[in-house]
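Keeping their order, the protein sequence lines are chains A and B.
Just so we're aligned, residue 1 is where the first sequence starts under the UniProt record's numbering, counting upward by one.
Just so we're aligned, residue 1 is where the second sequence starts under the UniProt record's numbering, counting upward by one.
No wet-lab data here; the hints were simulated from the structure.
Treat each hint with caution, since some may be false.
Some residues of chain B that are not near chain A, with every Cβ distance over 12 Å (derived) [to be verified]:
{"id": "1", "residue": "E11"}
{"id": "2", "residue": "I68"}
{"id": "3", "residue": "K92"}
{"id": "4", "residue": "N95"}
{"id": "5", "residue": "S326"}
{"id": "6", "residue": "G330"}
{"id": "7", "residue": "T366"}
{"id": "8", "residue": "E426"}
{"id": "9", "residue": "K428"}
{"id": "10", "residue": "V438"}
Here are the computed lysine-lysine pairs in the DSS-like style, where the Cα-Cα straight-line distance is at most 27 Å [stated by the list, open to error]:
{"id": "11", "chain 1": "A", "residue 1": "K543", "chain 2": "B", "residue 2": "K111"}
{"id": "12", "chain 1": "B", "residue 1": "K119", "chain 2": "A", "residue 2": "K546"}
{"id": "13", "chain 1": "B", "residue 1": "K345", "chain 2": "A", "residue 2": "K345"}
If you want the ones that stay clear, here's a sample from chain A, every Cβ over 10 Å from chain B, calculated [claimed, not checked]:
{"id": "14", "residue": "S36"}
{"id": "15", "residue": "E65"}
{"id": "16", "residue": "K92"}
{"id": "17", "residue": "R122"}
{"id": "18", "residue": "G129"}
{"id": "19", "residue": "G161"}
{"id": "20", "residue": "E274"}
{"id": "21", "residue": "P281"}
{"id": "22", "residue": "N282"}
{"id": "23", "residue": "E283"}
{"id": "24", "residue": "D287"}
{"id": "25", "residue": "Q298"}
{"id": "26", "residue": "N319"}
{"id": "27", "residue": "M409"}
Cβ coordinates follow ideal geometry from the N, Cα and C atoms, glycine included.
Number of protein chains: 2
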Amino acid sequence: MKTKVVKKENEGVKVIPLGGLESIGMNITAFEYGDSIIVVDCGLSFPADDMLGIDLVIPDVTYLENNIDKVKGFVITHGHEDHIGALPYVLKKVNVPIYATKLTMGIIEHKLKEHNLLKSTRRKVIKHGQSINLGCFRIEFIKTNHSIADATALAIYTPEGIIIHTGDFKIDYTPVFGESIDLQRFAELGKKGVLAVMMDSTNAERPGFTNSERTVGQSIDHIFDEHRSGRIIVATFASNVDRVQQIINSAYKFGRKVIVEGRSMVNIISIASELGYIQIPNETLIDIDHMRNYPDDQLVLITTGSQGETMAALSRMANNTHRRVSIKPGDTIVFSSSPIPGNEKAVSNIINELFRKGAEVIFQDTHVSGHACAEEIKLIYALTHPKFAIPVHGEYRHLKAHAKLAEKMGIPKDHILILSSGNVLELKDERAKVIGQVPHGGIMVDGLGVGDVGNIVLRDRQMLSQNGLLIVVLTLSRYDNRLLAGPDIVSRGFVYVRESEMLMEDARKVVDAAVQKCLDGRVSDWSKIKSVIRDTLSDYVWKQTKRNPMILPIIMEVDV
Amino acid sequence: MKTKVVKKENEGVKVIPLGGLESIGMNITAFEYGDSIIVVDCGLSFPADDMLGIDLVIPDVTYLENNIDKVKGFVITHGHEDHIGALPYVLKKVNVPIYATKLTMGIIEHKLKEHNLLKSTRRKVIKHGQSINLGCFRIEFIKTNHSIADATALAIYTPEGIIIHTGDFKIDYTPVFGESIDLQRFAELGKKGVLAVMMDSTNAERPGFTNSERTVGQSIDHIFDEHRSGRIIVATFASNVDRVQQIINSAYKFGRKVIVEGRSMVNIISIASELGYIQIPNETLIDIDHMRNYPDDQLVLITTGSQGETMAALSRMANNTHRRVSIKPGDTIVFSSSPIPGNEKAVSNIINELFRKGAEVIFQDTHVSGHACAEEIKLIYALTHPKFAIPVHGEYRHLKAHAKLAEKMGIPKDHILILSSGNVLELKDERAKVIGQVPHGGIMVDGLGVGDVGNIVLRDRQMLSQNGLLIVVLTLSRYDNRLLAGPDIVSRGFVYVRESEMLMEDARKVVDAAVQKCLDGRVSDWSKIKSVIRDTLSDYVWKQTKRNPMILPIIMEVDV
Numbered sequence: 001m002k003t004k005v006v007k008k009e010n011e012g013v014k015v016i017p018l019g020g021l022e023s024i025g026m027n028i029t030a031f032e033y034g035d036s037i038i039v040v041d042c043g044l045s046f047p048a049d050d051m052l053g054i055d056l057v058i059p060d061v062t063y064l065e066n067n068i069d070k071v072k073g074f075v076i077t078h079g080h081e082d083h084i085g086a087l088p089y090v091l092k093k094v095n096v097p098i099y100a101t102k103l104t105m106g107i108i109e110h111k112l113k114e115h116n117l118l119k120s121t122r123r124k125v126i127k128h129g130q131s132i133n134l135g136c137f138r139i140e141f142i143k144t145n146h147s148i149a150d151a152t153a154l155a156i157y158t159p160e161g162i163i164i165h166t167g168d169f170k171i172d173y174t175p176v177f178g179e180s181i182d183l184q185r186f187a188e189l190g191k192k193g194v195l196a197v198m199m200d201s202t203n204a205e206r207p208g209f210t211n212s213e214r215t216v217g218q219s220i221d222h223i224f225d226e227h228r229s230g231r232i233i234v235a236t237f238a239s240n241v242d243r244v245q246q247i248i249n250s251a252y253k254f255g256r257k258v259i260v261e262g263r264s265m266v267n268i269i270s271i272a273s274e275l276g277y278i279q280i281p282n283e284t285l286i287d288i289d290h291m292r293n294y295p296d297d298q299l300v301l302i303t304t305g306s307q308g309e310t311m312a313a314l315s316r317m318a319n320n321t322h323r324r325v326s327i328k329p330g331d332t333i334v335f336s337s338s339p340i341p342g343n344e345k346a347v348s349n350i351i352n353e354l355f356r357k358g359a360e361v362i363f364q365d366t367h368v369s370g371h372a373c374a375e376e377i378k379l380i381y382a383l384t385h386p387k388f389a390i391p392v393h394g395e396y397r398h399l400k401a402h403a404k405l406a407e408k409m410g411i412p413k414d415h416i417l418i419l420s421s422g423n424v425l426e427l428k429d430e431r432a433k434v435i436g437q438v439p440h441g442g443i444m445v446d447g448l449g450v451g452d453v454g455n456i457v458l459r460d461r462q463m464l465s466q467n468g469l470l471i472v473v474l475t476l477s478r479y480d481n482r483l484l485a486g487p488d489i490v491s492r493g494f495v496y497v498r499e500s501e502m503l504m505e506d507a508r509k510v511v512d513a514a515v516q517k518c519l520d521g522r523v524s525d526w527s528k529i530k531s532v533i534r535d536t537l538s539d540y541v542w543k544q545t546k547r548n549p550m551i552l553p554i555i556m557e558v559d560v
Numbered sequence: 001m002k003t004k005v006v007k008k009e010n011e012g013v014k015v016i017p018l019g020g021l022e023s024i025g026m027n028i029t030a031f032e033y034g035d036s037i038i039v040v041d042c043g044l045s046f047p048a049d050d051m052l053g054i055d056l057v058i059p060d061v062t063y064l065e066n067n068i069d070k071v072k073g074f075v076i077t078h079g080h081e082d083h084i085g086a087l088p089y090v091l092k093k094v095n096v097p098i099y100a101t102k103l104t105m106g107i108i109e110h111k112l113k114e115h116n117l118l119k120s121t122r123r124k125v126i127k128h129g130q131s132i133n134l135g136c137f138r139i140e141f142i143k144t145n146h147s148i149a150d151a152t153a154l155a156i157y158t159p160e161g162i163i164i165h166t167g168d169f170k171i172d173y174t175p176v177f178g179e180s181i182d183l184q185r186f187a188e189l190g191k192k193g194v195l196a197v198m199m200d201s202t203n204a205e206r207p208g209f210t211n212s213e214r215t216v217g218q219s220i221d222h223i224f225d226e227h228r229s230g231r232i233i234v235a236t237f238a239s240n241v242d243r244v245q246q247i248i249n250s251a252y253k254f255g256r257k258v259i260v261e262g263r264s265m266v267n268i269i270s271i272a273s274e275l276g277y278i279q280i281p282n283e284t285l286i287d288i289d290h291m292r293n294y295p296d297d298q299l300v301l302i303t304t305g306s307q308g309e310t311m312a313a314l315s316r317m318a319n320n321t322h323r324r325v326s327i328k329p330g331d332t333i334v335f336s337s338s339p340i341p342g343n344e345k346a347v348s349n350i351i352n353e354l355f356r357k358g359a360e361v362i363f364q365d366t367h368v369s370g371h372a373c374a375e376e377i378k379l380i381y382a383l384t385h386p387k388f389a390i391p392v393h394g395e396y397r398h399l400k401a402h403a404k405l406a407e408k409m410g411i412p413k414d415h416i417l418i419l420s421s422g423n424v425l426e427l428k429d430e431r432a433k434v435i436g437q438v439p440h441g442g443i444m445v446d447g448l449g450v451g452d453v454g455n456i457v458l459r460d461r462q463m464l465s466q467n468g469l470l471i472v473v474l475t476l477s478r479y480d481n482r483l484l485a486g487p488d489i490v491s492r493g494f495v496y497v498r499e500s501e502m503l504m505e506d507a508r509k510v511v512d513a514a515v516q517k518c519l520d521g522r523v524s525d526w527s528k529i530k531s532v533i534r535d536t537l538s539d540y541v542w543k544q545t546k547r548n549p550m551i552l553p554i555i556m557e558v559d560v
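So that you can see chain A by itself, here it is in the shape it has in the complex (with noise of 0.2 Å):
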């Protein structure tokens, strides 16, 4: 496991995350080093609350595409969306080989199916312990625990020593499914000497350590115990195989027949269950159209919308909009997941939907983490000694207080580096200096669009949603500029027409006014008559209302 590569003179390794570190989302960070680039993580995140009806933000890869001849290929460290999430769109401009441990990349190909790019990626599956040579780069990939499984640190072995990269992680000595962290690996690394370590930053703010996985079958379980009658339903995340196969073990063991609903928990458990990431007894399973022909103390459906997704199985059962599955008294809902923060509210409107429905509700102490807190943090360290601490994974209070515990932790505080995406951070001759910056941030996925949605379009977004439209037409002569048609006033999402006719025939005339008194005064020019039409309605409509919609005054010509 010796690596051989050669030192140039006056160069440093690179570390450039393109994404990754003004928020939670979009990972994806490049190592550069002569003519090698390999990729880490290929993320995607969704949009904030002010980005109004976009689907999902990816990141700029213009770095990639202007270096494409060096780039070797992606390295992935687990099958988050955050982390695989962007892959079909950046694969249409860097298309490079993927490395990925089995489940992950089986998560992948079934992106890629959908997006049809199975065929033109190139993609190797590797194993724990296992290396490859990409370029002057060398990757060991090293069992970690996260809440999906097959997740993968990274040990880059560079020119300049070597970088361990632990994607998301958790310590988990007694995982569901597979090893433990290979917390000696991290020991050994750390006796022959680690460069830097990019580290999880995630639960940073959280004292102790997070719980076993194990921990949420127990209570699970328990529920199980104490509710014998009626239906059980668990909401979880899709991605958490283990979760899923803790279920099942209790479905099994109180005799409950299994029905899995919400197209990504279904996708899931078929791939992970197809490569033996989840064992389900024989005749557990069952399927939705048969649920009929079980008692409702034999069943128990586990599916998606934990996270109070409108869209989501979980919310169309308590809408009654569900084609199958309706909520009533006697049904137990089971929350094994936490809110994401941002969707506390939605959670909350749900669960008091499902009380109303007469539901039972749980939703204490059936979740875990996936992510490393404090201590956990703390251990990396103490068994890596790296020379150099780069908090990844997180929100900026979170790399913050991860600086704080590798401060704890005796590295020096020159030595814990807080990057930005775009930053080129150079590491040589054990020196670190954010040499330079390359473009970097979110493109904007709306439907097939990629990046056609600017801020412009998104200002008019906001604007309309807040305050709605109020649209002024008027037909002019080519000739003489008389008047012939209007103006007219259309409104959308501004006041209800029908309670407020008044208010809208006294703004026409307002209107009607101005553009007479322009076109008396032998006003041509189109632009400014718009002018006075958006002051004056502006002014008007302020005045009545204290409203400012958006004003779109529209010139029509004819030839007469």
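Since chain A is already given, all that's left is putting chain B on it; use the hints.
Relative to the frame of chain A, chain B by itself:
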């Protein structure tokens, strides 16, 4: 204190919640007997996420308007917006006297002044322990504790028995200002016999006791002690006068001058100080304009914006848009608050921004709730032993959790009443029954408009916010339906037009062809033409972009 009210045959006392039972906020409950109605509280609620552009929501008081001759007055439990905020709107329709404690009345008067309603509104300040007679009701004010001073519970003496309404409350044995909650009086009433208790459910899901406000004072003292250099900026709720008092105490103790920032903070502190609810040592308060005369380590700012509100002082300081204060390294910012559900992300965003500016940010152990937890709720039941429990103030999940506590306290299940807004609950001869329904609901206020924005307008705003709109304009001849101008397409919030010129031009051609076909086919019905335009364009756009903008055809007609 003996009540003498004549009991009528065939009639019970009616409890009619007009709001407040479907979500947090908009608390207002009518109590009716014979020809007397009293109204407890008159609050607003803040708009739900899907109420785009709405400023606030007030209750429908049609029932009170229809029975205006019976209505004797508003009895207010405390000065929070969700208990007093709708008064300025409702008083215009239901102009009856207001009864409240001194600080509560001070805050109400400030509000009435802003709405020019002070002169036209009769008001009476009531002391704790005092009773008033309103129609056939006697109402006694009982001291409680809450996150605003001068909160009161009400014992409402009715011909059917005593109904206790707690308002929002907690039990604080060591309050910062004034007395602890008058538990003895609750006990005395319990001995006498209580018909029903209507009690705050907000924290019913939380086990244990809510900590005393004084514990926050100790934390703040500790923070001041540990941070002797640099400015300290404390963000908290404007109305929490006791909190502000404790911050001022710490400032005084550690030799710092206090600056108050944010309009609502300045208002409340001036009202509280005038009425003697806050003690500010001489020369402690300074004007923000004199800030520059003091070194940083002699300054404390108390500010609004603890909920991440974009326009509040703290946000503006963090974003360098505040006219006097910008956050800088060395500042310590204390969030003496916790995020109200739904505000988590906004608060996190501002914490990130403050860290980015180099400040230290403290947000743990610096706040206590103003609401009773499970053990406090149980204590009130133990003291009052009511025949009926009516959980109020909270989302449905909280009312359910409260109901479980009441059951544990020995109240029979069928004597625990979870009401819905608009229900008419009759209590008669120690029986309770919902006997009817009155109009109720939220009326949306947008600018000056009260109720002129309804579901159609909101649906339009929602649609506009997600996908923007396409306007198709064309001019026809009145005589022969000839196309004189257009069709032109104008878009807003759809795509960035310069990037999508081709798409827009092709869309125009598609619409043009469809319109020509209509006209060639002698279709002269405008609604038919509009529907063809809508269908054609919407199909085309969906195929090209997988988006669904609003499509708005406008036809003009010219006399040629």
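Hints and how they fare:
1. E11: 31 Å, holds
2. I68: 23 Å, holds
3. K92: 17 Å, holds
4. N95: 24 Å, holds
5. S326: 18 Å, holds
6. G330: Nearest chain A Cβ is 15 Å from G330 of chain B, so the label holds.
7. T366: 14 Å, holds
8. E426: 23 Å, holds
9. K428: 27 Å, holds
10. V438: Holds: least Cβ distance 21 Å, greater than 12 Å.
11. A:K543 to B:K111: Roughly 22 Å between the alpha carbons, so the hint for K543 of chain A and K111 of chain B holds.
12. B:K119 to A:K546: Judged against 27 Å, a Cα distance of about 25 Å means the pair holds.
13. B:K345 to A:K345: The given pair, whose Cα atoms are some 11 Å apart, holds under the 27 Å limit.
14. S36: Holds: least Cβ distance 33 Å, greater than 10 Å.
15. E65: 18 Å, holds
16. K92: 17 Å, holds
17. R122: 29 Å, holds
18. G129: 38 Å, holds
19. G161: Holds, since 30 Å exceeds 10 Å.
20. E274: 30 Å, holds
21. P281: 35 Å, holds
22. N282: Nearest chain B Cβ is 39 Å from N282 of chain A, so the label holds.
23. E283: With a cut-off of 10 Å, E283 of chain A remains clear of chain B, as the shortest Cβ separation is near 37 Å.
24. D287: D287 of chain A clear of chain B: closest Cβ-Cβ about 30 Å, beyond 10 Å.
25. Q298: Nearest chain B Cβ is 27 Å from Q298 of chain A, so the label holds.
26. N319: The claim stands: N319 of chain A keeps its Cβ more than 10 Å from every Cβ of chain B (closest is about 14 Å).
27. M409: The claim holds: M409 of chain A sits with its nearest Cβ about 20 Å from chain B, beyond 10 Å.
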